[in-house]
Amino acid sequence: MSDNLPNFASRRVIRPPADPKKFPPRHGDLKPPAPGRKYVRWAFKGLAVVAGAAVAAAGISAFDIYNKLNQDNIVLATSGEVDLEGSINFLLIGSDTRDGQGKEYGEGEVSSELADVIILLHITKDRQDATVVSFPRDLLVSVPECPNPEGEAFPAVDRQQ
Numbered sequence: 003m004s005d006n007l008p009n010f011a012s013r014r015v016i017r018p019p020a021d022p023k024k025f026p027p028r029h030g031d032l033k034p035p036a037p038g039r040k041y042v043r044w045a046f047k048g049l050a051v052v053a054g055a056a057v058a059a060a061g062i063s064a065f066d067i068y069n070k071l072n073q074d075n076i077v078l079a080t081s082g083e084v085d086l087e088g089s090i091n092f093l094l095i096g097s098d099t100r101d102g103q104g105k106e107y108g109e110g111e112v113s114s115e116l117a118d119v120i121i122l123l124h125i126t127k128d129r130q131d132a133t134v135v136s137f138p139r140d141l142l143v144s145v146p147e148c149p150n151p152e153g154e155a156f157p158a159v160d161r162q163q
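Position one of the sequence shown corresponds to residue 3 (the numbering used here), numbered consecutively onward.
No lab work stands behind these hints, which were simulated from the structure alone. Since the structure is predicted, the reported quantities are computational estimates derived from the model, not experimental observations. The C-beta atom is built at its ideal place from N, Cα and C for all residues, glycine as well. Fair warning: there could be bad hints in the mix.
Unchecked claim - Computed Cβ-Cβ distance ranges for the label pairs, DEER-style:
| # | residue 1 | residue 2 | range |
| --- | --- | --- | --- |
| 1 | Leu-49 | Val-134 | 42 to 48 Å |
| 2 | Ala-58 | Phe-156 | 32 to 38 Å |
| 3 | Asp-131 | Asp-66 | 40 to 46 Å |
| 4 | Asp-131 | Ala-56 | 41 to 47 Å |
| 5 | Val-52 | Val-143 | 51 to 57 Å |
| 6 | Gly-48 | Asn-69 | 28 to 34 Å |
| 7 | Ala-56 | Val-143 | 33 to 39 Å |
| 8 | Val-51 | Leu-94 | 53 to 59 Å |
| 9 | Phe-156 | Leu-123 | 28 to 34 Å |
| 10 | Ala-59 | Gly-38 | 43 to 49 Å |
| 11 | Val-51 | Asn-72 | 27 to 33 Å |
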């Protein structure tokens, strides 16, 4: 009967410690990670990189907007109060771009800022009445022929902005 049993005398017997929390498991005792965990770990790392890039882009955008809104405005120096007599005219101009409008209104894509709102405000001499005239942004007008400083003439143009 002893012939059928394996010989365990030559092998070292490892006994568990009395308190398993005091002794970490040996590397041979650890189970290999599941095959899908590697992909999940890489997915979380990629997600962390994308989230970090999004936070950085949002921060840079917010900083840029903050700086644009807090630019020093131009202040014209005056010599104290100005006594305005007579009627007063103000030309109010708001600017915008034409991104995405194509050649629908003239010259195609324009990358510079253009006058979006043009308003003429007239306040009467007695300061009791005001008149406002709004000029459309894409107003097409006929421009008559006129002379230039060299004595030649600029030709007349029809439906010009």
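Hint check results:
{"no.": "1", "hint": "Leu-49 with Val-134: 42 to 48 Å", "verdict": "violated (55 Å)"}
{"no.": "2", "hint": "Ala-58 with Phe-156: 32 to 38 Å", "verdict": "violated (52 Å)"}
{"no.": "3", "hint": "Asp-131 with Asp-66: 40 to 46 Å", "verdict": "holds (44 Å)"}
{"no.": "4", "hint": "Asp-131 with Ala-56: 41 to 47 Å", "verdict": "violated (55 Å)"}
{"no.": "5", "hint": "Val-52 with Val-143: 51 to 57 Å", "verdict": "holds (52 Å)"}
{"no.": "6", "hint": "Gly-48 with Asn-69: 28 to 34 Å", "verdict": "holds (32 Å)"}
{"no.": "7", "hint": "Ala-56 with Val-143: 33 to 39 Å", "verdict": "violated (48 Å)"}
{"no.": "8", "hint": "Val-51 with Leu-94: 53 to 59 Å", "verdict": "violated (48 Å)"}
{"no.": "9", "hint": "Phe-156 with Leu-123: 28 to 34 Å", "verdict": "holds (30 Å)"}
{"no.": "10", "hint": "Ala-59 with Gly-38: 43 to 49 Å", "verdict": "violated (31 Å)"}
{"no.": "11", "hint": "Val-51 with Asn-72: 27 to 33 Å", "verdict": "holds (32 Å)"}
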